[in-house]
Amino acid sequence: MSELLIRNACVIDPINGIDGETMDIAIRDGRIVEDVNDSTAEVVDAGGALTLPGGIDSHTHICGTKVNFGRYMSPEDMRAGRTPRMGRMHATSGYSVPTTYGTSYRYSAMGYTTLLEGAMAPLEARHTHEEFLYTPLQDTLANTLFDGNWAVMEAVRDGDTKRVAAIIGWTLSAVKGFAVKLTNPGGTEAWGWGKNVSCIRDPVPYFEVTPAEMIQTIVRANELLHLPHSVHLHCNNLGTPGNYSCTIGSLGLIPDLNDRRQTLYATHVQFHAYGGSGWDDFCSRSEPIARFVNMRPQIVIDMGQVMFGKTTTMTADGPMEFNLYRLHHNKWSNHDVELETASGIIPVLYRRKNLVNSVMWAIGLELALLTENPWQCLLTTDNPNGAPFVRYPEIIGLLMSKRYRDAEFATVHPETGHRVPLPAIEREMDWHEIAVMTRSGQAKALGVLEIGKGHLGVGAEADVAIYPIRIDEVDPSVEYQKVVDAFRCTDYTIKRGRIVSRRGECLVDGNNTTVWVRPKISDSYDMVRDEEFVRKFDRYYTVRMSNYPVQEEYLRRNLWRRNLCIETEAEL
Amino acid sequence: MRVTLTVRPREKPFLPIEAETIVPRNFLDGTDTTVWRGNRELPLDAVFSVSVEGNAETAAEVEVVMRGDTALIKRVGEYMDAGRIVVEGDIGMHCGNFMSGGTIEIGGNADGWLGREMRGGSIICRGDAADYCASGYRGDKKGMTGGVVEVFGSVGDFAAEHLAGGTVIVHGSAGDMAGAEMHGGTLIIYGDCTRPCANMTGGTAFVHGTAYDMLPTFRRVGTIRREGRTFIQFTGDIANRGKGNLFVGDCRYMD
Ligand SMILES: [Zn+2]
Chain A
-5 MSELLIRNAC VIDPINGIDG ETMDIAIRDG RIVEDVNDST AEVVDAGGAL
45 TLPGGIDSHT HICGTKVNFG RYMSPEDMRA GRTPRMGRMH ATSGYSVPTT
95 YGTSYRYSAM GYTTLLEGAM APLEARHTHE EFLYTPLQDT LANTLFDGNW
145 AVMEAVRDGD TKRVAAIIGW TLSAVKGFAV KLTNPGGTEA WGWGKNVSCI
195 RDPVPYFEVT PAEMIQTIVR ANELLHLPHS VHLHCNNLGT PGNYSCTIGS
245 LGLIPDLNDR RQTLYATHVQ FHAYGGSGWD DFCSRSEPIA RFVNMRPQIV
295 IDMGQVMFGK TTTMTADGPM EFNLYRLHHN KWSNHDVELE TASGIIPVLY
345 RRKNLVNSVM WAIGLELALL TENPWQCLLT TDNPNGAPFV RYPEIIGLLM
395 SKRYRDAEFA TVHPETGHRV PLPAIEREMD WHEIAVMTRS GQAKALGVLE
445 IGKGHLGVGA EADVAIYPIR IDEVDPSVEY QKVVDAFRCT DYTIKRGRIV
495 SRRGECLVDG NNTTVWVRPK ISDSYDMVRD EEFVRKFDRY YTVRMSNYPV
545 QEEYLRRNLW RRNLCIETEA EL
Chain B
14 MRVTLTVRPR EKPFLPIEAE TIVPRNFLDG TDTTVWRGNR ELPLDAVFSV
64 SVEGNAETAA EVEVVMRGDT ALIKRVGEYM DAGRIVVEGD IGMHCGNFMS
114 GGTIEIGGNA DGWLGREMRG GSIICRGDAA DYCASGYRGD KKGMTGGVVE
164 VFGSVGDFAA EHLAGGTVIV HGSAGDMAGA EMHGGTLIIY GDCTRPCANM
214 TGGTAFVHGT AYDMLPTFRR VGTIRREGRT FIQFTGDIAN RGKGNLFVGD
264 CRYMD
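Residue numbers (the numbering used here), protein chains in the order written: chain A, -5 to 566; chain B, 14 to 268.
The hints are simulated quantities; they were obtained by calculation from the structure and are not laboratory data.
Treat the hints with caution; some may be incorrect.
[Said to hold, decoys possible] Below 25 Å or equal to it, Euclidean Cα-Cα: the simulated DMTMM-like pairs (lysine to aspartate or glutamate) are: (1) B:154 / A:479; (2) B:25 / B:54; (3) A:347 / B:153; (4) A:304 / A:479; (5) A:325 / B:58; (6) A:325 / B:54; (7) A:325 / B:170; (8) A:325 / B:144; (9) A:325 / A:118; (10) A:514 / A:469; (11) A:396 / A:547; (12) B:25 / B:58; (13) A:304 / B:144; (14) A:514 / A:250; (15) B:155 / A:70.
Isolated chain A (complex conformation) (with noise of 0.2 Å):
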């Protein structure tokens, strides 16, 4: 038994209501508990510093395929962010891709404690899991991708509901993935013949299915199969001038089918949030989105906020990179993975001094300030893409300071002004609705409220962020370079009871949870007894369906490591 007693925390805490509360929190063999024996347990003295539970990524690029491909295409960002081995920390290496040591300590100083990897491809989903056992101070959960599934697309044409929500089901369980992610659905598949889908009523060569359709279908079957997780959608036509209206229709075909959680999460709008025609009357279209999601609670998103600097971008939207390669000339990578998806990686440097570029970095902003409820518009960077989350603290100062924006605002192109509205924007965040856009409100979106994450009531995992920071004596408005420096460094993030990282410097090796998800689907729908799914996929992968799923031993390095599934009642 291990006790954790954590005295004078400054505590906020959304889910159970706690809002800059000085308490204490005990914890006993990983979980939070009522009490603990004062005279034995370990103390730690916060000292009166903001305690928030510990954050959560829903929507970041860390480990798998594409992000090694980003790691081995960049040798140049390997040496923009290295650091020596140190006590109990193995060497890192890499900026906006670094190692996967070097990606789980960063976000442990910034008191991050569960990470989302965005897109995993089922094929590849091995590597994914391999990456994961090596990033061990996070727990960790994948996005599987069926933007491009034969069989599903061919459901889809059928009318099937429930064969899709079957095909999704024994993938999920084979490649132990977590949540489905459509990533510009069609689009990929059109891609493989070289072409791509403008919105969410063009045809996919061959299947004819329309965007539209696979969304509104995937969504159902999703609720079928009672995922913790809604949708996670990418839109299709991503940074494109004007797309922010393909964004509203897709947004638009989401009905509200569950109580607890949103119906589709929608990532990295910032990217589908564009006016204009072309790049010449390239222009923010933040406010129709905001408005339209302020209105629909069935709709979460995420910024996907852009920073200047150099980054490296990776997605599995393979035509958008190849479009961007035709803008930069740089070196660029493009997969196709067979039956299921696709993928490109180029670098980018994101200018102040470039109109398109400021224009990004405002619209981003602006959904989290127009979004008037924190809980449906979360803080993310789609990191790498609009820029490596060790950002993050910068994006909490400016939400929190009109001043900071000003101030931020008057370094970008001058243009910029003429193209969006956020130097109209009064709004300053507080701390508590920055709690929700970095924890909570992830944990909620995601569905892990259950399984004790994003607060710190009893019974909940005792993930705990304390950041050297007086919330009672800071104007975060006035003062906020005070509040990016206690958010890029916690005096102590804790992981499942332990002290896992103390001022920056990891302390412990780390035994972090993959989580994954089970429905159980009758025999009638299992796709394994079913013909015509075997027989297909015999013909058509180049693996064999027995080699196919991910073993369990791919999550377990160790026997004190878990892998925690989470088994569903699905519908069918």
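Fit chain B with the ligand to the given chain A structure using the hints.
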């Protein structure tokens, strides 16, 4: 001030030594510094016998002389900004990385990456230099930006890759892909080379001898006379909308 470093006989002479501390400025505060062999940090005088004559106020007045088997001493002169380093024999990889001023003189041969990403100053190598002489580094788009590298022997492949400024002079021949990705500066090769200046976007290169396997993506402009010789002038690499100038004494295309 003159600091003479004579390599002591080593038990395992094939293990390289990382010696980025051997820079004239560092010796203004004495010779109490360290070098690395693998994961082992060693005092300077464990690897060299050190002798110092005279004294100096500024780095420019410091001369470092290296003697003995220096062929596997790496990163000598990294970030050097002033003064002088004289290597009597061969020198290991990465000599003069990021150097911005002063002079390095090498009596023998230099291993790979001589003067990589150099910003200023000068390097003279009396023997041959291996691959990636005066080049950029893996993945980066900008290589050497200033200064002079002069090699009296021949150089290996990828000499002056990503050259962005400064001058690289090779008195012998260059290997494959000299001046690849060049976008500024001047490259002069007195001997022959193969496939020069692939993907070049700017800068000027002269090949006094023959350019073998000449790339077909350079457009022939005409001929000029320079230093009493006739050169064929090309512009390119048009595969990359490049506007570089390439002058060759003679060229052969691939069959
Ligand atoms: Zn993403």
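Taking the hints in turn, this is what the structure says about them:
The suggested pairing of residue 154 (chain B) with residue 479 (chain A) is violated, with an alpha-carbon distance near 32 Å, which exceeds 25 Å. Note on residue 25 (chain B) and residue 54 (chain B): the hinted pairing holds, with a Cα-Cα distance of about 16 Å set against a maximum of 25 Å. About 22 Å separates the Cα atoms of residue 347 (chain A) and residue 153 (chain B), which keeps this hinted pair within 25 Å; it holds. The straight-line distance between the Cα atoms of residue 304 (chain A) and residue 479 (chain A) is roughly 21 Å, inside the 25 Å bound, and the hint therefore holds.
Using a Cα cut-off of 25 Å, the hinted pair residue 325 (chain A) and residue 58 (chain B) is violated, with the two alpha carbons roughly 46 Å apart. For the proposed pair residue 325 (chain A) and residue 54 (chain B), the alpha carbon gap of about 38 Å is over 25 Å, so the pair is violated. A hinted pair counts as satisfied when its Cα atoms are at most 25 Å apart, and residue 325 (chain A) with residue 170 (chain B) qualifies at roughly 22 Å. About 23 Å separates the Cα atoms of residue 325 (chain A) and residue 144 (chain B), which keeps this hinted pair within 25 Å; it holds.
Of the supplied pair hints, the one linking residue 325 (chain A) and residue 118 (chain A) holds, its CA atoms being roughly 23 Å apart against a limit of 25 Å. The hinted pair formed by residue 514 (chain A) and residue 469 (chain A) fails the criterion: a straight-line CA distance of about 51 Å is larger than 25 Å. At roughly 50 Å between alpha-carbon atoms, residue 396 (chain A) and residue 547 (chain A) are farther apart than 25 Å, so this suggested pair is violated. Restraint check for residue 25 (chain B) and residue 58 (chain B): the C-alpha separation of about 16 Å stays at or below 25 Å, so the hint holds.
A C-alpha spacing of about 29 Å is found between residue 304 (chain A) and residue 144 (chain B), which places the hinted pair above 25 Å, so the restraint is violated. For the hint linking residue 514 (chain A) to residue 250 (chain A), the alpha-carbon distance of about 24 Å falls within 25 Å, and the restraint holds. Pair hint residue 155 (chain B) plus residue 70 (chain A) holds up; C-alpha atoms about 11 Å apart against a cutoff of 25 Å.
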